Amino acid sequence: KNEVEQSPQNLTAQEGEFITINCSYSVGISALHWLQQHPGGGIVSLFMLSSGKKKHGRLIATINIQEKHSSLHITASHPRDSAVYICAVRVSGTSYGKLTFGQGTILTVHP
Amino acid sequence: ETGVTQSPTHLIKTRGQQVTLRCSSQSGHNTVSWYQQALGQGPQFIFQYYREEENGRGNFPPRFSGLQFPNYSSELNVNALELDDSALYLCASSLDNSYGYTFGSGTRLTVV
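First to last, the sequence lines map onto chains A and B. Heads up: the first sequence begins at 13 in the numbering used here, then just goes up one per residue. Heads up: the second sequence begins at -14 in the numbering used here, then just goes up one per residue.
Be careful, since some hints might not be right.
Covered by chain A, per the in silico footprint, the following chain B stretches (three or more residues, Cβ under 8 Å) [unchecked claim]:
| id | stretch |
| --- | --- |
| 1 | 28 to 39 |
| 2 | 52 to 58 |
| 3 | 73 to 79 |
If you're looking for bench data, these hints aren't it; they were derived computationally from the structure. Nothing here was measured: the structure is a model prediction, and the numbers come from that model. All C-beta atoms, glycine included, are put in the ideal place defined by N, C-alpha and C.
The whole structure should be built from the sequences, with the hints applied where relevant.
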């Protein structure tokens, strides 16, 4: 079993819909990242969380440390949101910045 | 403020050859991590360099090696290439091994 699991693996939505992507992890962490990867391969960091909730534009990320779970929400989705969304954690106790990644969620938003 | 730059963007090599990939870290960052992302998979940690020293390594064989230079740019070298080395190689930089990372666009390596 992977240390970081995301669901769903694939998600299709119509423009304007509210989207939720989930991430569960089985290890102690010091931080959790939500990342966006477009077909060209480059990764953009969306959020880094260690507790609570963060919001940036139409994106909201939450984390529940006790339940070892995080969610990424996209409000009023748009076709330009189509990308792979990846959850990654920094495991507690590591002396260096190794990130452990989930397998990613492929999001397609249709006009 | 410049981001992370990786070169080349694409590369085709023959099995058994050697390859060098390059990464220029974001201005002000002194830590570089390298990841391998096979098709359809999440990135896997290869190693990290902090102030020119390797300070962490994932489950990759010794034929994967690296360097970090005084300007904090970095190289990833892979010897005796195998077909399974075909992947997107990502570089990420940060400051003092902090939690914030900036990723490059990656180098797509194809081994034939």
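Now for the hints, and whether the structure bears them out:
1. 28 to 39: holds (count 5)
2. 52 to 58: violated (count 0)
3. 73 to 79: Result for this restraint: holds, n = 4.
The structure fails hint 2 only (numbered hints given earlier).
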